[in-house]
Amino acid sequence: MRRKPLFAASPSSFLPSRRALLVAGAVMAAGASLPGFPLAAGAAPGTRRIPSSGEAVPAVGLGTWITFNVGNDPLLLERSARVMEAFFAGGGRVIDSSPMYGSSQATLGYGFDRLGRPEGLFAADKVWTSSQREGPAQMARSRRAWKVPRFSLMQVHNLRGWEAHLPMLLEKKAAGEIGYVGITTSEGRRHGLFEEIMARETLDAVQVTYNPLDREVEERILPLAAERGTAVIVNRPFRQGALTRRLEGEKLPDFAAEIGASSWAQLILKFILAHPAVTVVIPATTRPEHASENMAASGGPLPDAAMRERISAAIGGL
Amino acid sequence: MPVLEGWSYRPADFLLFSERVYWRLFELQDAALWPLQLVALAAGGAVLLLALRQRRGAAPAIFLILAAAWLLVAVSFLWQRYLPVNWAIAYAIPFFLAEAGLLLGLLLGRGGALAAPWSPRLLAAAGLLAYALLAHPLLPLVAARPLASAELFALAPDPTAIVTLAVGAMLVEPRSAWLIMPVPALWCLASFATLLTLGSWQGWIVLAAPVLALSVRLLPADGPSGRVQA
Ligand SMILES: NC(=O)c1ccc[n+]([C@@H]2O[C@H](COP(=O)([O-])OP(=O)(O)OC[C@H]3O[C@@H](n4cnc5c(N)ncnc54)[C@H](OP(=O)(O)O)[C@@H]3O)[C@@H](O)[C@H]2O)c1
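Line by line, the protein sequences are chains A and B.
Here this note's numbering is used: the first sequence runs in plain steps of one and ends on residue 318.
Here this note's numbering is used: the second sequence runs in plain steps of one and ends on residue 230.
Simulated from the structure, these hints should not be mistaken for lab results.
Backbone N, C-alpha and C define an ideal beta-carbon position, used for all residues, glycine too.
Check the hints yourself; a few may be wrong.
[Unchecked claim] Some chain B residues judged to face chain A by a derived CB distance under 10 Å, without partners named:
#: 1; residue: L78
#: 2; residue: R81
#: 3; residue: V85
#: 4; residue: W178
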């Protein structure tokens, strides 16, 4: 059963806004020094600005690791498209994938075929190879799998071959072939080197793990990102589902209602988004209803510093 | 979460797909290849009967069936279904093709003598073979999965590897056994790691297969008449 595409494909809608809203970026950076008062001035509710350009993006994105690696299974491909549909319907635009994620990129391509590409789609992918020569060819293959004309953000996955890839990516950015350049890590791996690169290179975005239990990045990486005007993408908000599974059936603390969180997942996402340095959080899901629930966490009030500690303590204490 | 400088990977980091996707691979494979299951079962049954009765030309026929099975699994399962969700399978495919080649080599060369029909070794190996053919496909019933995801000899890698290990255990000449047993044994180890990471107890069965097959090789290959059949 083929549904009508939600969106007409419009390649031009991908070109990230190059309006140099540097002032807004600076405001965002300034806001970063005020823990507990995180909302970036100038950004619409539920959106954040990328400091290097001022472009606004929805603060909740979609990850694709494992969840979208469904091969050529027609049933699961269709289900993934339904997840994308719910995500877009909730206002989501930022999607993160990688050539490392099996067929996830092709699943996105399938979804875009079914639904069309939404205006303002922010396609974030990665280069994942230790070979310098292979990098551009891999990116071209990834783009064909996604079926997008251009990547909004290209990140060096887990810093693999970063010395070779970063200059290439900066060149491609200058030539307008990609929108932004970033690096990723997860679960605290290679944070020392990660910080060094952040301090030395001009990066638009960094991707790290952050959630109420994994807070190491609060010490140096998040403040450094704020200082350098680097966008922060947060991966593994639910520890790959271990957190949400553990919290299933546990009573939500009463204070969750104060910030409009109706589930543990929303409470966690709000905890993350309340950090002033965070730009986008990218939970992954196989369920359309979870995509909608996660998107809904981007609007409304966010916890202040004291409530964030209560969230962390509540989850850590279980 | 500890600060980890340098890389530290856990098995789970290498698993790119969910349990649901993994079992669906067999469901899709079975649906796409129906009614090849009947042919596969008949071919597996033929291997068992040929081994038990050992008429002239039994061993070459067994090697031919096994080679065809490894080829079919490599192309129809590994390449067409498993590879899209697991890029590491690209490294396994050449081994499957090599195993088919080794089996054909055994067919053409000498060294295919089997343990005597009623020898302890042949009977034990036949038991393992019968398990792979008939009981392994029924595991979904125990694991509360649809029977439509049954793993069959010649269509799925695990039972194909177990059948081959059983045949390897039947071979009299150690050299022949060492030729055809390493690939299925390695596959069983890899499959064990995958299943364990997915949280499936089925992994232990797949791990037990090479251990059993190697133990079976220690049993006497002589029949009641005390003579090894060539
Ligand atoms: N080094 C890197 O570059 C790197 C490393 C790790 C991750 N990432 C990126 O970050 C993304 C997110 O990380 P992740 O996928 O590892 O894990 P995650 O987003 O922390 O967790 C995903 C799991 O959370 C569950 N979930 C999602 N929304 C839920 C909700 N509302 N309620 C209950 N459960 C919910 C999902 O289960 P259901 O399917 O049942 O919803 C899924 O199993 C990845 O997909 C990937 O794009 C990048």
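| What hint numbers does the structure not satisfy? | 1, 4
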